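Undergrad: When you get a sec, could you build the whole thing from the sequences and use the hints?
Numbering of the sequence shown is given in the numbering used here, commencing with residue 1 and proceeding in unit increments.
Since the hints were made in silico from the structure, they are not lab data.
Heads up, some of the hints might be wrong.
Unchecked claim - Below, a list of computed lysine to aspartate or glutamate pairs in the EDC-like style, where the Cα atoms sit at most 20 Å apart:
| no. | residue 1 | residue 2 |
| --- | --- | --- |
| 1 | LYS314 | GLU37 |
| 2 | LYS2 | ASP321 |
| 3 | LYS294 | ASP260 |
What the hints assert, rightly or not - Estimated spans, in silico, between C-beta atoms of each pair:
| no. | residue 1 | residue 2 | range |
| --- | --- | --- | --- |
| 4 | LYS2 | THR91 | 31 to 41 Å |
| 5 | GLN246 | PRO269 | 24 to 34 Å |
| 6 | LYS242 | LYS92 | 23 to 33 Å |
| 7 | GLU259 | ASP188 | 38 to 48 Å |
Just so it is clear, the structure is predicted and the values come from calculations on it, not from any experiment.
Where a beta carbon is used, it is the ideal one built from N, C-alpha and C, also for glycine.
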Amino acid sequence: MKRDVIITEVALRDGSHAMRHQFTEEQVRAAVAGLDEANVPYIEVTHGDGLGGSTIQYGHSLTDEFKLIEAAVETAKNAKIAVLSLPGIATKPNIKRAADLGVSMLRVATHVTEADVSLQHLSLGKELGLETVGFLMMSHMAEPSKIVEQAKIMVNGGADVIYIVDSAGALLPNQVTERIKALKQEIDVPVGFHAHNNLSLAVANSLAAIEAGAERIDGSIRCLGAGAGNTQTEVIVSVLDKMGIQTGIDIYKIMDVAEDVIAPILPQPQEITRGSLVLGYAGVYSSFLLHANKAAEKFGVDARDILMEIGKRKAVGGQEDMILEVAAELQQK
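TA: Below you can see the structure in the form of structure tokens.
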């Protein structure tokens, strides 16, 4: 089937944050079966913080992530299963184990200025015969020229695809356009875009990315993702179809999965709350929201003040411990 834009469904990974990492095998099997039936080409399944993320720092999973990956691989008939790796959290044995279970794609994520730490994982992915994707997170924190420099490091290291990742949901459409165009002019592999909806711009930003030349877009069905969620899969598929841009995904079936499979398991509807809005406004990593809410309750401070201070300090993924430090300082003021 013709696909002008390739969609990767991330709700079973990024949505793990909203689910407090409590996905069950049954939920994963039901979601993958529905997504596969709707002809979604790629489905990402891991802990919210990637392989090896089930820790006291990032949050323990209810179900071992490798059981979830195995369930996804066994259930999918046509869709390919992807996993996320954050060097420093994931290890090479984690990646090898995922490959042994039958995953097809490895997405290696680093901070936007730290692409060099991706090289061992990208190299291993290539050795294992996996499709490799370089993920440049928190891309609002670097100018297009810097992003191009870092993308080239990943491409030279074996990345088959490069993604601009708006981890904080902080980018505006014109900023997305600038970044995607810069990559398209300078690298010769496909370019993708991963949005967060904290400023209610995920669909708009994804459209801006496509118009600038992006061939790959991440979506989260029913907007199930960190912060206010990602580009809502059933929405972007419908919008693109109206524009004559083919994703190959069955519109009615993806709507049914959203309504009948995902909606019933949501802890609460994905919406733009004051906390998730502050994430986008302050430019803070979307997975920090639940940690900030817990710290705010523990120390009796406003979660928004924590997030604003974290934004000023330019914290990045992996610095979740800073949230407690900031909360304790605010308590003393």
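Undergrad: Next, verify each hint and record whether it holds.
TA: Here's how the hints hold up against the structure:
no.	hint	result
1	LYS314 / GLU37	41 Å, violated
2	LYS2 / ASP321	45 Å, violated
3	LYS294 / ASP260	30 Å, violated
4	LYS2 / THR91: 31 to 41 Å	39 Å, holds
5	GLN246 / PRO269: 24 to 34 Å	30 Å, holds
6	LYS242 / LYS92: 23 to 33 Å	44 Å, violated
7	GLU259 / ASP188: 38 to 48 Å	40 Å, holds
Of the numbered hints stated above, those contradicted by the structure are hints 1, 2, 3 and 6, listed in ascending order.
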